[in-house]
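Number of protein chains: 2
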Amino acid sequence: MCLPGTVEAVRARADEEGPAPITRRAALAAAAGAVAVTALPAPTAHARRIPEKRTRDLTHVFTEGFPVYTFDPPRRRTLVTVEDNGFYSQEWTFGEHSGTHIDAPGHFIAGGRLSPELRPAELVAPLVVIDISTKAAADPDAAVTRQDVMSFERGHGRIPRGAIVAMYSGWESRIGDPAAYKNADGSGTYHFPGFGIDAVEWLLARRQIAGIGVDTMSLDPGRSQTFDVHLGLLGADRYGIENLANLGRIPARGATAFVGLIPWEEGSGGPARVLALW
Amino acid sequence: MCLPGTVEAVRARADEEGPAPITRRAALAAAAGAVAVTALPAPTAHARRIPEKRTRDLTHVFTEGFPVYTFDPPRRRTLVTVEDNGFYSQEWTFGEHSGTHIDAPGHFIAGGRLSPELRPAELVAPLVVIDISTKAAADPDAAVTRQDVMSFERGHGRIPRGAIVAMYSGWESRIGDPAAYKNADGSGTYHFPGFGIDAVEWLLARRQIAGIGVDTMSLDPGRSQTFDVHLGLLGADRYGIENLANLGRIPARGATAFVGLIPWEEGSGGPARVLALW
Numbered sequence: 001m002c003l004p005g006t007v008e009a010v011r012a013r014a015d016e017e018g019p020a021p022i023t024r025r026a027a028l029a030a031a032a033g034a035v036a037v038t039a040l041p042a043p044t045a046h047a048r049r050i051p052e053k054r055t056r057d058l059t060h061v062f063t064e065g066f067p068v069y070t071f072d073p074p075r076r077r078t079l080v081t082v083e084d085n086g087f088y089s090q091e092w093t094f095g096e097h098s099g100t101h102i103d104a105p106g107h108f109i110a111g112g113r114l115s116p117e118l119r120p121a122e123l124v125a126p127l128v129v130i131d132i133s134t135k136a137a138a139d140p141d142a143a144v145t146r147q148d149v150m151s152f153e154r155g156h157g158r159i160p161r162g163a164i165v166a167m168y169s170g171w172e173s174r175i176g177d178p179a180a181y182k183n184a185d186g187s188g189t190y191h192f193p194g195f196g197i198d199a200v201e202w203l204l205a206r207r208q209i210a211g212i213g214v215d216t217m218s219l220d221p222g223r224s225q226t227f228d229v230h231l232g233l234l235g236a237d238r239y240g241i242e243n244l245a246n247l248g249r250i251p252a253r254g255a256t257a258f259v260g261l262i263p264w265e266e267g268s269g270g271p272a273r274v275l276a277l278w
Numbered sequence: 001m002c003l004p005g006t007v008e009a010v011r012a013r014a015d016e017e018g019p020a021p022i023t024r025r026a027a028l029a030a031a032a033g034a035v036a037v038t039a040l041p042a043p044t045a046h047a048r049r050i051p052e053k054r055t056r057d058l059t060h061v062f063t064e065g066f067p068v069y070t071f072d073p074p075r076r077r078t079l080v081t082v083e084d085n086g087f088y089s090q091e092w093t094f095g096e097h098s099g100t101h102i103d104a105p106g107h108f109i110a111g112g113r114l115s116p117e118l119r120p121a122e123l124v125a126p127l128v129v130i131d132i133s134t135k136a137a138a139d140p141d142a143a144v145t146r147q148d149v150m151s152f153e154r155g156h157g158r159i160p161r162g163a164i165v166a167m168y169s170g171w172e173s174r175i176g177d178p179a180a181y182k183n184a185d186g187s188g189t190y191h192f193p194g195f196g197i198d199a200v201e202w203l204l205a206r207r208q209i210a211g212i213g214v215d216t217m218s219l220d221p222g223r224s225q226t227f228d229v230h231l232g233l234l235g236a237d238r239y240g241i242e243n244l245a246n247l248g249r250i251p252a253r254g255a256t257a258f259v260g261l262i263p264w265e266e267g268s269g270g271p272a273r274v275l276a277l278w
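Chains as they are written, first to last, in this note's numbering: chain A, 1 to 278; chain B, 1 to 278.
With the rest of the complex left out, here is chain A:
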């Protein structure tokens, strides 16, 4: 696809413009025949108000072998390469509940809303983070309780309507080791933190939340066999986010979450890019 002469023509144009500060990757790219580039400018007053905010990526890299609750982990293969074909692309195969991803209402509820039906107004929402990392460090079966929610509000004020309420348990430090992330006992039961149904029911009824998020692979604690939180939250037509990252590195209150769920056709949820801005 890259006809002879094209890259040379681009390089000639680059040479006319002379050198400029470049990143390591861009340097590699330039060495491989691309044009020299200037560094991306810092946000300015022109960039309007959102980019002026602080930003944190709450998304894990979507990897081959990412730990999954059930079914096969994601897999990928190289379709073509720049060296052999003039351009590079991969193919992916995965279940929808892989990586940092959404549980849509239809994941557990027959007739519940599916991925394309979650509205942009639900996907851009205030984000609060309830930190249970201290108790989770001592007890892998720790859950966010209604008492934890009360304690959060005493410290940080009332949770806004339409918020996403996230649990920070510190569990993400295990993400590189699927066995440690699942933490199964001898009987195969998982042990990791999650939300308690008492907290979720209170948040649904009293704070009209848009959804909840966790830094583990399930909204319910790992040992749950009844999936009360999945049933209660998704049954209330709200959504969940699993496998979040970096929740310990944003304000407990004050950030806005962008939940970039791909609108997978008839999706039960699926991979999403989640960013926090404040």
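Note that the list lumps identical chains together, so a pair holds whenever it fits in one copy or between two copies.
Only pairs whose alpha carbons sit at most 25 Å apart, straight line, appear in this in silico DMTMM-like list of lysine to aspartate or glutamate: (1) Lys-53 with Glu-117; (2) Lys-182 with Glu-265; (3) Lys-182 with Asp-139; (4) Lys-135 with Asp-148; (5) Lys-135 with Glu-201; (6) Lys-182 with Glu-172; (7) Lys-53 with Glu-122; (8) Lys-182 with Asp-57; (9) Lys-182 with Glu-64; (10) Lys-135 with Asp-198; (11) Lys-135 with Glu-172; (12) Lys-53 with Asp-131.
In short, the hints are calculated from the structure, not lab data.
Here the structure of chain A is known, so what remains is to put chain B in place on it, guided by the hints.
Chain B only, in chain A's frame:
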């Protein structure tokens, strides 16, 4: 996974709380055994400033059979259903350049940045839309020229640094008909609008853009055999967005784009959720 008694317990709790206004989907969900829910609240002053803005989804539903430039279209299969298994999930297989998606620098440039290396500050950016729909309606080979960019700036002011510059050609109306979207001639050459390299080089050099976007399946016009825009843009360490939707329904200037690229491991780009807020 849904043990007998769990749904009943949830329903009993719902019954205690009594009925509430519900949506059609939620009504279906409730009928299927979930809790009754209140409608999602409208954004309020509590919801901070971003959700107060107007929002438009620039993303096509990611469908089985979505038109692709090359390789196989996306495919999906049902893994489990609520009826048979207590929960519902699908599995997807697709090439990275499917649906509304990103071209990362590494798509055409050996050593260029890959999906996880695009920074949040690049993915939340001012968005401008150059409308060439009138000339594209008359000529499927129409391109955004440097003259079109000049004309845009005369009408709407200077393009901000770090912006994403999108072409609105009106081509998205063909998305439901892959043959019409590709518009191949008898020799198999595609004919649809795209950017001209003169416009892109000027935008890179003079306006320090973050990237460009199109409502067609390629950054270059369909008939291109040399991929000048791919090579020039990605070679400059910037990214492209293909198959955007709804560009005719946002302001020509003043929106901020949230480009929710999944950080596909070693990805050449890949599916993204793109929202505009203003």
